[in-house]
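Asker: Take the sequences, apply the hints, and build the full model.
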Amino acid sequence: MATTEQYIGQPLLRKEDAKLLAGQGSFIDNQSMAGMVWMALVRPPYVHATIDSIDTAAAAAMPGVLAVFTAADLQGEWAGSLPMVWPITEDIKMPVHWPLTGDKIRFGGDAVAVVVADTRGQAEDAAEAVVVAATALPAVRDLEDAASDRSVVHEDLGTNNVVHWNHGGAGDQEVFTNAPVIVQERYTQPRLIPNAMETRGCLAYGSPAAGEFTLVSATQIPHIARVGHSLVTGIPQNKLRIIAPDVGGGFGSKLNVYAEESLALALARKLNRPVKWIETRSENYVATIHGRGTLHDCTLAGTEDGKILGMKFVELADMGAYYQLLTPGIPELGGWVYMGPYDIGSYWFEFTGVMTNATPTDAYRGAGRPEATFVVERLVDAFARRIGMDPTEVRRKNLHAPFDEATPFICGLSVDSGNYEPALDRAMELADYTQFRKEQATRRDSGDINQLGIGVCTYIEMCGLAPSSILGALRYVAGGWDGAEIECRPFGKVVVRTGTSPHGQGHETAWAQIVADGLGVTPDDVEVLHGDTSVSRIGMDTYGSRSVSVGGEAIRLAVEKVRAKARKIAAHELEVAEDDLDWTDGAFRVKGAPDKARTIPDIATSAWHAHSLPAGVEPMLEGTAVYDPPNFTWPGGTHICVVEVDTATGKTAIVRYVAVDDCGNVINPMIVDGQVHGGVAQGVAEALYEEAIYDELGNLASSNMTQYLVPSASEIPEMLLDRTVTPSTTNALGVKGIGEAGTIASPPAIVNAVIDAVSHLGVTSIDKPATPERVWRAIQDAKGGAA
Amino acid sequence: MTQISVTVNRTTHAADVEPRTLLVYFIREQLGLVGTNVGCDTSSCGTCTVHLDGEAVKSCTLLAVQADGREVTTIEGMAETGGPMHPLQDAFHRNHGLQCGYCTPGMIMAAASYLNENPSPTQEEVRESLEGNLCRCTGYQNIVASILDAAGQMATKG
Chain A
1 MATTEQYIGQ PLLRKEDAKL LAGQGSFIDN QSMAGMVWMA LVRPPYVHAT IDSIDTAAAA
61 AMPGVLAVFT AADLQGEWAG SLPMVWPITE DIKMPVHWPL TGDKIRFGGD AVAVVVADTR
121 GQAEDAAEAV VVAATALPAV RDLEDAASDR SVVHEDLGTN NVVHWNHGGA GDQEVFTNAP
181 VIVQERYTQP RLIPNAMETR GCLAYGSPAA GEFTLVSATQ IPHIARVGHS LVTGIPQNKL
241 RIIAPDVGGG FGSKLNVYAE ESLALALARK LNRPVKWIET RSENYVATIH GRGTLHDCTL
301 AGTEDGKILG MKFVELADMG AYYQLLTPGI PELGGWVYMG PYDIGSYWFE FTGVMTNATP
361 TDAYRGAGRP EATFVVERLV DAFARRIGMD PTEVRRKNLH APFDEATPFI CGLSVDSGNY
421 EPALDRAMEL ADYTQFRKEQ ATRRDSGDIN QLGIGVCTYI EMCGLAPSSI LGALRYVAGG
481 WDGAEIECRP FGKVVVRTGT SPHGQGHETA WAQIVADGLG VTPDDVEVLH GDTSVSRIGM
541 DTYGSRSVSV GGEAIRLAVE KVRAKARKIA AHELEVAEDD LDWTDGAFRV KGAPDKARTI
601 PDIATSAWHA HSLPAGVEPM LEGTAVYDPP NFTWPGGTHI CVVEVDTATG KTAIVRYVAV
661 DDCGNVINPM IVDGQVHGGV AQGVAEALYE EAIYDELGNL ASSNMTQYLV PSASEIPEML
721 LDRTVTPSTT NALGVKGIGE AGTIASPPAI VNAVIDAVSH LGVTSIDKPA TPERVWRAIQ
781 DAKGGAA
Chain B
1 MTQISVTVNR TTHAADVEPR TLLVYFIREQ LGLVGTNVGC DTSSCGTCTV HLDGEAVKSC
61 TLLAVQADGR EVTTIEGMAE TGGPMHPLQD AFHRNHGLQC GYCTPGMIMA AASYLNENPS
121 PTQEEVRESL EGNLCRCTGY QNIVASILDA AGQMATKG
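For the record, the sequence lines run as chains A and B. Using our numbering, the letters of the first sequence correspond one by one to residues 1 to 787. Using our numbering, the letters of the second sequence correspond one by one to residues 1 to 158.
No wet-lab data here; the hints were simulated from the structure. It is possible that part of the hints are untrue.
Label pairs and their in silico Cβ distance ranges [said to hold, decoys possible]:
no., chain 1, residue 1, chain 2, residue 2, range
1, B, R20, A, E439, 51 to 61 Å
2, A, D432, B, R20, 52 to 62 Å
3, B, T81, A, L474, 46 to 56 Å
Quick reminder that beta carbons are idealized off the backbone N, C-alpha and C, glycines included.
Answerer: What follows is the structure, encoded as structure tokens:
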């Protein structure tokens, strides 16, 4: 039935919800097969050690155990090592990363053996019984210590300094020594543990005789994983199917080609049994990628009246003990946003990637842009304090003027569109900025124990990864396109196959909204399939806030192809020329005689029975599009946080949190708001609570959820949201992406607020997370300085 | 093996369990009710929350044998198959109270138990009541809104 309703822009309730609410999700741990066996990994009792021997005899003799393998036993299984697909420089040093390590233990998750048994309990018990004898080596955790090469993680590389990337700078570099005001700061950002509520897990099965295998995995990237695991296991891509079932959150931590997935495939092939693995949470903390882990030396050149002349950043970035899929590319990705939304004349960014004895780092919600935005926004606040200007005034003075065509920024890339000041204005209004400043002054005057602080972040970020040609220039080995296939079934239902792979982002609903508007059907008529390489053949998956601006645009283009074919059939049936048809009110209508019409369901039925199609038109109404974006998309906005700091205890409470984001046009505002809520919550966690802590031997001390503080509902504030809308010029939908904005914008807003609350006591810097102890110590140190 | 008899979602099951079997694995693996998820190994995340004699418990903190002779309700027992959703399920849907859906069954079970105790809570009280249940997607905002909405609906229906 034809519908004239517009679905794009409406807060449609999600099609995904019913099964999840009923407890009928297809999460990996809900899947099992006849003959299935369980895999468990032997994680080492060291973080840096030479392996002397591994005794598997006791484990192999335990009940239910089928096999125990070390690296040497599985050597013949591998066609290649685990892939890293972003060798960002010509001279990058590339450590080899095997699914099991055989020579040396380089971090706490570096598995040395794998056990297969009938039950999970038996496999885990037997893994405990494998005896690893090793000679401990000094562990390097601190970035400067690691960079000194006191102890080298990969001897064959000769150094821990494995990659140096230099943006090359832009503008007059003299300002960093000659400007009237020079602000120099050093910021550390600890490692974060992503903590998707579902840990990783997989199930591999197939036919060794046919050489065909399937991997069901809690992954964000079934399409990329097919390429990766084919390279590792040697299973050809046309005989390897990857399925992402319902996935319980990702945040970048499931954007990888992991050792355990390759092992499960290899063992299914070797043992001719379905092999399942579910990661424990404690294992997740050492074996799944971490985020952040950086040290920045920052310089801002400015004038006394608040003009920022330039910003310069030199970073050490913690790679961990190996590269995972994108590791060295993460700081580079941040390298394009160190100018913030500001119109500045000089830019410099370079970083050195350093190997350490810890879990590999990789993309964690925001991937490079939070690290960059944090230091930019801390630095701008430091500048504001130095010259005694309100932080919103400094920002306003430097925001780039509005533009609605792609415009080159000093980082060297063109920004699709931007209008930053309205978001700042609206955020200040929602935050009662002026009122809180007055209240802050009152409390300072009265010496109140509870001091108010207001923190601001005006940001820009880069989504829509990515134009394939730019990725090529940046030495990324894959493209940045995405695909969509639309199949119109007879009598009106539509099947959509998307190359994106959602795990909570609501693509089944949002893509149905795009298709419904484009084809004159309802979202209920549209079924969106995803996450299976045999179902949606053409895809580049979900990460980097790319799905709507690349995958969504591919959907729109596939709709256009369907309509172009449908127009031919409609013209034939209505006996008019194609040009004599208008597409109005959800149907092709004869100009001047709108009652003579054909809807998409009518035409789909004709194309299916194919009794009378125009010459040269093939049966079935369908369309396929692969879209390669011409540019990135660049959201922006302003977040403002008001905190109350108890100066006696150092405890921070968030009094108000305002987020005004500009993600271009919006397909489903309900889903967009949900993405901001979740992103900000992860930013609150980063700013105030979460930090991977290591002991002096390099062991992860915050090794489970009792010691690593993932915030609950009591710690997360209610948020006030609004949006400004500056349509993207990169795609016809005008969309930009919103998955990571909250996590990018919120940590600096919150930490700036905490510092602002105690800056009158002489505090100028507090590291993340701003725990009560850190804040209290900063106050005590400042007092000491004053005395 | 120990023999137990547990009523789960109004059906009584007699079963032999290993004494070390946790309630959550009894529910998931022996009864095949996989709607109850597992998110950690330290009783921190609340993903596995079910009702034991009407009260929310983390089913990873109890042994199956401790449920002998008692009544368990899981997410599968909140609505009849094919019937209308429980007001909390409906409210989570209408308020976008879930994204990936992994914590959702535990959230709903925790909230149902809490609303039994306190049928008209404040926002603050709802947030405190969820201290044992972690979510990484929603920032809790719409979960809290869902629970307050459901409380209103349930009060109206009396």
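Asker: Please go over all the hints and tell whether each is borne out by the structure.
Answerer: Okay, the hints, checked on the actual structure:
At about 57 Å, the beta-carbon gap between R20 (chain B) and E439 (chain A) stays in the expected band of 51 to 61 Å. At about 56 Å, the beta-carbon gap between D432 (chain A) and R20 (chain B) stays in the expected band of 52 to 62 Å. For the pair T81 (chain B) and L474 (chain A), the supplied restraint of 46 to 56 Å holds, since their beta-carbon distance comes to about 52 Å.
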